[in-house]
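Chains as they are written, first to last, in the working numbering: chain A, 1 to 305; chain B, 1 to 237.
No lab work stands behind these hints, which were simulated from the structure alone. It is possible that some hints are incorrect.
Said to hold, decoys possible - Far from chain B, by Cβ distances over 12 Å, these chain A residues were calculated:
{"hint": "1", "residue": "Lys6"}
{"hint": "2", "residue": "Asn36"}
{"hint": "3", "residue": "Glu57"}
{"hint": "4", "residue": "Ala129"}
{"hint": "5", "residue": "Arg143"}
{"hint": "6", "residue": "Lys150"}
{"hint": "7", "residue": "His188"}
{"hint": "8", "residue": "Gly246"}
{"hint": "9", "residue": "Asp261"}
Claimed, not checked - Distance condition first, Cα-Cα at most 20 Å in a straight line; then the derived PhoX-like pairs of lysine-lysine:
{"hint": "10", "chain 1": "A", "residue 1": "Lys105", "chain 2": "A", "residue 2": "Lys133"}
{"hint": "11", "chain 1": "B", "residue 1": "Lys237", "chain 2": "B", "residue 2": "Lys82"}
{"hint": "12", "chain 1": "B", "residue 1": "Lys82", "chain 2": "A", "residue 2": "Lys87"}
{"hint": "13", "chain 1": "B", "residue 1": "Lys17", "chain 2": "A", "residue 2": "Lys125"}
{"hint": "14", "chain 1": "A", "residue 1": "Lys150", "chain 2": "A", "residue 2": "Lys217"}
{"hint": "15", "chain 1": "B", "residue 1": "Lys82", "chain 2": "A", "residue 2": "Lys133"}
{"hint": "16", "chain 1": "A", "residue 1": "Lys150", "chain 2": "A", "residue 2": "Lys105"}
{"hint": "17", "chain 1": "A", "residue 1": "Lys87", "chain 2": "B", "residue 2": "Lys19"}
{"hint": "18", "chain 1": "A", "residue 1": "Lys87", "chain 2": "B", "residue 2": "Lys17"}
{"hint": "19", "chain 1": "A", "residue 1": "Lys87", "chain 2": "A", "residue 2": "Lys133"}
{"hint": "20", "chain 1": "B", "residue 1": "Lys82", "chain 2": "B", "residue 2": "Lys19"}
{"hint": "21", "chain 1": "A", "residue 1": "Lys87", "chain 2": "A", "residue 2": "Lys125"}
{"hint": "22", "chain 1": "B", "residue 1": "Lys17", "chain 2": "B", "residue 2": "Lys82"}
Since the model is a prediction, treat every value here as computed from it, not as a measurement. Each residue gets a CB set at the ideal place from its N, CA and C atoms; glycine is no exception.
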Amino acid sequence: MIRTEKLTRTFGSRIAVEGLTLEAQEGEILGLLGPNGAGKTTTVRMLACLLAPSSGEAWVGGHSVLREPQRVRRLVGILTESPGFYKRLTVERNLRFFAELYGVKEPGPAVQRTLERLGLWDRRKEPVATLSKGLRQRLAIARALVHDPKILFLDEPTAGLDPESARSVRDFIGELASDRRTILLCTHNLAEAEELCKRIAVLRTRLVALDTPAALKSRLFGTRVAVDLAQPRPDLLASLHLPFVGEVSLDGHTLTVAVDDPERDNPKLVRRLVELGAEIRYVQRLERTLEEVYLELMGGSDGAP
Amino acid sequence: MERLRALVRKEWEELFKIKMVIYGSVFLPLLMGGFAGFMVWTARDVPPEAQATLLNTALMYFLILPVMIPSTLAVYSIVGEKEQGTLEPLLATPLSDWELFLGKAVVAVVPALALTWALFGVFLAAVQVMLGQIPSTVLTLPWLLSMFLLAPLLSLFAVLVSMLVSSRTSDPRAAYQFSGLAVVPTLIPLIVYSARFTAVNLFFVVGEGGGLILLNAVLLYIAVRVFQREQVLTRWK
Ligand SMILES: Nc1ncnc2c1ncn2[C@@H]1O[C@H](COP(=O)(O)OP(=O)(O)O)[C@@H](O)[C@H]1O
Ligand SMILES: [Mg+2]
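Just chain A, with the same shape it has in the complex (with noise of 0.2 Å):
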């Protein structure tokens, strides 16, 4: 639904986004995910429409944005970064004056039921002067969705908005993927990412991981089993000597031993700490957290700063 091949973008000498190649299948929530000017927004510009590629090509719903690029506004439904509303006209016009550009066959309808679908049917009378943070981003949804499209781009959904905001707007973000409609979600927010998002692209002007959340978390890090040992030994990391093991260490009565193959590994381990006397109460498999991850990701790549 969304590919891009080598896609890049400069702003005179600054390189913004580099060689991005990717993919998003029909249906799929794909997180891009990366710090302050990684290049998120700028690449869904691209994909929008709304910048021209410096180089590379990029293609969405299977039209080409640079060839194509009113089939492709047509097709997409976009949360801009900063979503802007004709203050002093009421939540209803706003939302319909989009429908008309959109060229939706009966805005009356769409508007209501758009509306409707985020709980804002009740102030469509009132100005978007008086609507709240949380309200506007909810409206900025209704925009992006007015015309139904098959592909959305949500930049930052969830960014400015207080906690119980963000989660209403991520527990919406959520239904909309079982719609069977392709998302593309920029965030620097990680948790958000491994809530929403199939698969996650680490972004950093060029693309440093793309992967399942899971996988990007084992696959940086292999696997860590913790033992916990009835009496500290600190002689064990001295003398363990396996080949499938990686970094050893020990704290206090936990020893965290990280292993290639968790399966295979784990019963040899256990034989070998049980040969140099150790007692164990419990093995367990300890987890990464994806921000440890996304922080090895970040340090290990030489993007731009």
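Mind docking chain B with the ligands on chain A? Use the hints.
Frame of chain A, contents of chain B with the ligands only:
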């Protein structure tokens, strides 16, 4: 076409809610109409030649209107989008660059001309009533060309200047003042006529019309570039 219409309708609804804009579009025509009416009033009991001179001065008020009204409208309609952060969502729609530009221009030019011409109609009626007839010096070719050629060209000029200036600043007052300055050259005929260097004549009208067509062509060329999506998004301040 549908999109263009949607844009223009939205603009007018929005502009209608801005007091500055409403005052500007009501106050100016009233003021200019008042001046013109006063000229007609003074022209009641004077010899035909003096009468012609007075009425020529009145004509010039009708050339100020199409310059002043659209500046206010154009400035607010562009600065308003920037201020409210609506440009990006707007540009993300299938609205074409050309429709955006045309929409913004139409929004300002159409009411300006409508008001100008309406006021001109009222003026003619007032002349008829107060002078008993419309003097033959009023509905001459230079007069008609002034109203129906110069007025549209002047308002287009004012709109283009205002749109270009507004794309560079987000302060409506600054934009308004600056575009007001740029519009001064178009008031030359007013100065020429009211200083009575020359009467309204065909040569002068056609000369100014030609100059405006040239200026407008240049401005249009620039504006079409300035109104490209990419430019709007990355260069507009
Ligand atoms: N219009 C622009 N002009 C110049 N530089 C820009 C422009 N837009 C973005 N950039 C630069 O491109 C880089 C990526 O920005 P952006 O895409 O906004 O990142 P993100 O959305 O991930 O925070 C940044 O270094 C930013 O300064
Ligand atoms: Mg951004």
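Each hint tested on the structure:
1. Lys6: holds, 20 Å
2. Asn36: holds, 18 Å
3. Glu57: holds, 17 Å
4. Ala129: violated, 10 Å
5. Arg143: violated, 6 Å
6. Lys150: Correct as stated: the minimum Cβ-Cβ distance to chain B is 15 Å, above 12 Å.
7. His188: Nearest chain B Cβ is 19 Å from A/His188, so the label holds.
8. Gly246: holds, 47 Å
9. Asp261: Answer for A/Asp261: holds, closest chain B Cβ roughly 47 Å.
10. A/Lys105 x A/Lys133: violated, 30 Å
11. B/Lys237 x B/Lys82: Distance ~8 Å between B/Lys237 and B/Lys82 Cα, so the pair holds.
12. B/Lys82 x A/Lys87: Holds, at roughly 12 Å.
13. B/Lys17 x A/Lys125: holds, 15 Å
14. A/Lys150 x A/Lys217: violated, 30 Å
15. B/Lys82 x A/Lys133: Holds, at about 19 Å.
16. A/Lys150 x A/Lys105: holds, 17 Å
17. A/Lys87 x B/Lys19: holds, 14 Å
18. A/Lys87 x B/Lys17: holds, 10 Å
19. A/Lys87 x A/Lys133: holds, 12 Å
20. B/Lys82 x B/Lys19: Satisfied, since the Cα-Cα distance of roughly 19 Å is no more than 20 Å.
21. A/Lys87 x A/Lys125: Judged against 20 Å, a Cα distance of about 12 Å means the pair holds.
22. B/Lys17 x B/Lys82: holds, 17 Å
Against the hints set out earlier in the document, violations occur for numbers 4, 5, 10, 14.
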